[in-house]
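Protein chains: 4
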Amino acid sequence: MSLRYLTAGETHGPQLTAIVEGMPSNLRIDFEALNFQLLRRQKGYGRGRRMQIEQDRADIVGGVRHGQTTGAPIALVVANNDWKHWTKIMNIEPIEGTDEEKRRVHRPRPGHADLNGGLKYDLKDLRNVLERSSARETAVRVAVGALARQLLEAFGIRIGGQVLRIGEIAAPANNLPLDELISRTEASSVRVVDEETEKKMEAYIDQIKKDGDSVGGIVECIVEGLPVGLGSYVQYDRKLDARIAQAVMSINAFKGVEIGIGFEAGILRGSQVHDEILYSEETGYTRASNRLGGFEGGITNGMPVVVRGVMKPIPTLYKPLRSVDIDTKEAFNAQVERSDACAVPAASVVMESVVAWEVAKAFLEKFGGDSMEEIRANYDNYKRQLENY
Amino acid sequence: MSLRYLTAGETHGPQLTAIVEGMPSNLRIDFEALNFQLLRRQKGYGRGRRMQIEQDRADIVGGVRHGQTTGAPIALVVANNDWKHWTKIMNIEPIEGTDEEKRRVHRPRPGHADLNGGLKYDLKDLRNVLERSSARETAVRVAVGALARQLLEAFGIRIGGQVLRIGEIAAPANNLPLDELISRTEASSVRVVDEETEKKMEAYIDQIKKDGDSVGGIVECIVEGLPVGLGSYVQYDRKLDARIAQAVMSINAFKGVEIGIGFEAGILRGSQVHDEILYSEETGYTRASNRLGGFEGGITNGMPVVVRGVMKPIPTLYKPLRSVDIDTKEAFNAQVERSDACAVPAASVVMESVVAWEVAKAFLEKFGGDSMEEIRANYDNYKRQLENY
Amino acid sequence: MSLRYLTAGETHGPQLTAIVEGMPSNLRIDFEALNFQLLRRQKGYGRGRRMQIEQDRADIVGGVRHGQTTGAPIALVVANNDWKHWTKIMNIEPIEGTDEEKRRVHRPRPGHADLNGGLKYDLKDLRNVLERSSARETAVRVAVGALARQLLEAFGIRIGGQVLRIGEIAAPANNLPLDELISRTEASSVRVVDEETEKKMEAYIDQIKKDGDSVGGIVECIVEGLPVGLGSYVQYDRKLDARIAQAVMSINAFKGVEIGIGFEAGILRGSQVHDEILYSEETGYTRASNRLGGFEGGITNGMPVVVRGVMKPIPTLYKPLRSVDIDTKEAFNAQVERSDACAVPAASVVMESVVAWEVAKAFLEKFGGDSMEEIRANYDNYKRQLENY
Amino acid sequence: MSLRYLTAGETHGPQLTAIVEGMPSNLRIDFEALNFQLLRRQKGYGRGRRMQIEQDRADIVGGVRHGQTTGAPIALVVANNDWKHWTKIMNIEPIEGTDEEKRRVHRPRPGHADLNGGLKYDLKDLRNVLERSSARETAVRVAVGALARQLLEAFGIRIGGQVLRIGEIAAPANNLPLDELISRTEASSVRVVDEETEKKMEAYIDQIKKDGDSVGGIVECIVEGLPVGLGSYVQYDRKLDARIAQAVMSINAFKGVEIGIGFEAGILRGSQVHDEILYSEETGYTRASNRLGGFEGGITNGMPVVVRGVMKPIPTLYKPLRSVDIDTKEAFNAQVERSDACAVPAASVVMESVVAWEVAKAFLEKFGGDSMEEIRANYDNYKRQLENY
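Protein chains in written order, with full-length UniProt numbering: chain B, 1 to 389; chain E, 1 to 389; chain X, 1 to 389; chain C, 1 to 389.
Quick caveat, the hints were computed from the structure, so don't treat them as lab data. A few of these clues could be false.
It does not matter which identical chain is meant; a pair holds if it fits inside one copy or across any two.
Unchecked claim - List time: in silico EDC-like cross-link candidates among lysine to aspartate or glutamate, alpha-carbon distance up to 16 Å: (1) Lys210 / Asp340; (2) Lys329 / Glu281; (3) Lys329 / Asp125; (4) Lys200 / Glu168; (5) Lys383 / Asp179; (6) Lys102 / Asp125; (7) Lys88 / Glu100; (8) Lys88 / Asp99; (9) Lys200 / Asp125; (10) Lys88 / Asp125; (11) Lys124 / Glu373; (12) Lys383 / Asp99; (13) Lys209 / Glu196; (14) Lys209 / Asp237; (15) Lys319 / Glu276; (16) Lys209 / Asp340; (17) Lys124 / Glu387.
Construct all of the structure, not just a fragment, from the sequences and the given hints.
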């Protein structure tokens, strides 16, 4: 039984909740680092008002005592800071009131789950859809991923990411060491390493905003320090690259995912794609390149894992799109719920988080163990096995 | 408990086996159609010798009686036709013999699971890796997908696919009705709709072969006739687009997957990306376009599902790549195991199969039921509910 | 993907938390009925002080709006009312303090998970084990089960239970209609139907308490109104009776479970055990008896489901048992943590709850559907199918 | 992702098939020992004709090469030796023929899944139910369990079992060392340790047979050599005793399961039930008794695991029971399909097998690892950790 988690909560409800199950005991939790991840998700040029009013914070209400995990499930809560304004609209118990007082939604927005969710769940108030399908939920997924990240860091596995494209502005390629990539993107308003690109993207976002439009982009996540052998080819659902693909595609608004050179692999020749195998006594087996992004046969090969995902523009628009009222079946121009023109930098943080989770899960499947001490010993074992191979 | 399956078997072992669990009773099996899918996988310009010698066939050895499913698990067997030549090399029981007689592999091929699998499973004969990690396994995954396809077809859901690119040759865009797309690609040696492109691709593959190289490509799968409401946004692992992403990425040699306009969504503006909602009494809700490829919020929206995947070039090469012998740690030029220069048309069929599976699984989760009759009644219910929404 | 749930929380932590995932939309929640189940768990002759101080209450913090489920995951919180006294001892973040201030436990109690949990998770403070392994967690499992129960009740499925034995005092057999059984046990301090037995059991518990000992017992759960066809024989893990067995055995302190006549089936002859099949046009197929407790081949047969479980005496004792200090390895007489002499009536409520969950899960697997309306239509379909069989 | 398996196949179909997924590499398979387990299942006083005609044998057709596992899924086949007589009746493809030629069953047998399965799956030929619901499937479950057993034996974990009761004849209690228990039960026609009991049981079975009746019984399984710490209390579905309960209850005809003293725990006082904790430097922690059957809090405590299950009499009867024809709705006396009067000794072997599986699964979850070498090292680690605790 692997690491697993469930989340609950609505965007304007009292809180987001997650239960993380299967974490080992004796992992020292860095609370500041945990909340730093939530902060990272909230930053980014182009975010709307909401990001300013809320300073998210993950509270742990189970599974951690005196700063360490106990092996018990970990309950995480991210409170919604403006819940006080929504207690009636989102009341758990029945209320009296007009549609307006309940802020009933009957006008589905294109590009959202509104209409499909309403049809599927037979809900005539589409607020019941949008409250859950909102990307607000990623706040708690980031908290979950932050726990996974702390587990991985204890074994020297580090995760970084960068924005590669926002709309028409692409960042130039770089091959920076991960540490530098992390420090530079952390300093950037749009999570890019290149300052000139940053300026261009900011200006571009300003323009998009002015046009009443929105824009998406491409983000990349890099995981370094992974041992050879996470994931497996033996069954389709053990392939770690495929699990990462699911995790990335499950992020709100993501429409594609690729590993290594990804779609470029459909153009190049075999002799240009594969990573030659080298060996030296100091480093063991290594590769001359990393076009396959750290995976062969669904298993990590010891090279950095490189994943890219594409986020579509946020569908909420000042510039309206045609839609249909579910009450009257009359056409209208789709309403605006929020005001972000670009959430790509935040999406970069979310992607790091979901990738961290999948890697941690595969890590625990590989090494077993119930306490950090036991996992450490098992991990060292395996390292020795690799050296003696 | 959902539809599920497991496969077993090695590329040169006696057989591939699959058990499919959770299929309803009273589905009439079209055996010819089942084997036609296996045949489709074997065709395609650029395949090597093996595809000719073996005419794959899926035998059912459980779960079907007198031509109909019974609700019991279905066991599928795809025999390996040249097993007779491998009975010693792949013997289940211990044999005496030299490394050569056992065809022991100690020279890992870049781009394969060989080395990583050997390290992970502590196997000194890499044949134990490559026999399972080989794409041969997709034969039985196609058989599994063919069952899913027959289930879906009973509800008017149809699946087609096409090759969009082979290496440097891209097919021009088309917007053909699915029927025509299917009949044209079926007639094509490279599964494209355009004859001129076909010729160019054939010539290109010939050249690649002559150069001792290999080439990948991009394939697309289209599913039509899906009801609104498969998959869900309520939890990350219920999103059907994400499950499809996992399934596609789990196909051997796939390095990327996208839905709808996919990576292009990172470039365009919101006003160019989202599909406006229309309504008429005859058709109910529909969309003015299908840029999102049939999904919003991880749920089907009634438009065709459009998925694309990229396959890297087959790593097996006449043109050698550097690698390292695991016995001696000496460098060598990687050996050749097989001779396909291009397997993209086959990959197109495999992708249809794994997508069919994920859709069928989500379909049964939505409609429940244990017999085809019961599912039909539930399905009709839901259709009525949608009409009355 | 089925109905599922996870729980988190410690016995003296701030709260118990559960996330319930997969519930349909548009189920009207009866909050009073939900909390009534928690109250039922707290009652019962023989409970210690804690049961008095805490009046448990389940708060919903996600997945329900204006009194109805939305299809989104439901988050449940049961606060710990005396958390204020434990904020230091159970602090999430690191604290300074002596072992005594931290209430560190180094003396494992026989019959608890203390020692095994400490060894497994490499925990030197056994409080980290006992806080999670405590039966306190059943409070939130009852809340989870209460949701399942409300789902089932909407389809006329009712669940009751009774205590059959407390230590040496067995209740006489009865064959009461479920309604009467429920009303009588609800009025009883020990959840028996027979008043004389109640008195005997109370006196027995008093004696046990006076002796500084503890006592367990046997409880029975009955589910009526189930349709034929929940669960399946087609795979070992689809058998509903077996899933119920797991659920019951997973209740703290349970050591056995039986269905129908259970262990008596090992003594009787076949002709005395099986339930003859009858038919009339009004009732359809029915049985002349219910020795098999509602199951044949792991599927419900339309007769009431009858499950029994045995609870061992609570290991916490005034009367000490030998154990070993994990610091000094010296023997000692096991300490007392709580003061319940008998928790069998509460266990009866917990058993109803976990059985309700398993039945609801199988129910949704059978009928599919995302909203109550859709499930209702599917259910009615199936009823018609049964009638026409 | 844990060890898992699926089975397929009908009692008169060509074969039973299983796929076992998640076994480590480099486990040396003892083929003779594997088939010995199948033979054990076939023996036993009171079995009918079929047991004589078929000598079951499990063939491996995937996942094992040159006598060792490779980490790939293992495919197992148990052929049905009299398939040749059933090729028409059980034909996979449609056949022409009368109901009689198809051996259509329309008369459901009480105590079987026949009627409920027919109603659930909307099957008018109940053969489609009984072919899968038959206990014949346990042949391949025994094969699956035999693999688990070989894994466990490599770590010194041994499994034995005994028959404790057949109908009215109970075996006297014994406290034999496991080795002796195994050798004595292996020599017994009814799998008891006591010769006099054996004679009584044989005579009893003869009488039952003569009376045209059938009889069940109680069986016990013992697992020795388990480390402390398999399973967990942290979540209801990680408790190993509960998983074992599901596995045992899922065996055909089982109606109850208990651990340790089981239902007796409802009668005794706490001071009589719990196992005191002892310690010595040589043995580490141990217990003064084993009333809890090796589990506290759902975790193994290092004492032998003791599980008992009850099997009801085989419902197939010479002595008829009333039932109803599904075509005519007319009452009839239930037909006879097979002729075993008592299958309790076989059930004892099946129970050992399913318990072995659950233990092996929990073992791999605890120790992780992909090869036997790696698991061994992890296991040794943990042993050292326990010693140093």
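Evaluation of the provided hints:
1. Lys210 / Asp340: within (12 Å within a copy, 53 Å between copies)
2. Lys329 / Glu281: For Lys329 and Glu281, only the inter-copy Cα distance (9 Å) is at most 16 Å; the intra-copy one is 71 Å.
3. Lys329 / Asp125: within (15 Å within a copy, 49 Å between copies)
4. Lys200 / Glu168: Answer is within; shortest intra-copy Cα gap is 10 Å, inter-copy 32 Å.
5. Lys383 / Asp179: neither (24 Å within a copy, 38 Å between copies)
6. Lys102 / Asp125: within (9 Å within a copy, 50 Å between copies)
7. Lys88 / Glu100: within (11 Å within a copy, 46 Å between copies)
8. Lys88 / Asp99: The answer is within: 12 Å in one copy meets 16 Å, while 46 Å across copies does not.
9. Lys200 / Asp125: neither (41 Å within a copy, 54 Å between copies)
10. Lys88 / Asp125: within (15 Å within a copy, 45 Å between copies)
11. Lys124 / Glu373: This pair counts as between: shortest inter-copy Cα distance 13 Å, intra-copy 53 Å.
12. Lys383 / Asp99: neither (62 Å within a copy, 27 Å between copies)
13. Lys209 / Glu196: Answer is neither; intra-copy 20 Å and inter-copy 44 Å both fail.
14. Lys209 / Asp237: neither (42 Å within a copy, 33 Å between copies)
15. Lys319 / Glu276: Answer is between; shortest inter-copy Cα gap is 12 Å, intra-copy 50 Å.
16. Lys209 / Asp340: Within one copy only: 8 Å inside a chain, 51 Å across chains, cut-off 16 Å.
17. Lys124 / Glu387: Between. Shortest inter-copy distance 14 Å satisfies the 16 Å Cα cut-off; intra-copy 62 Å does not.
The structure is inconsistent with the numbered hints 5, 9, 12, 13, 14, although it conforms to all the rest.
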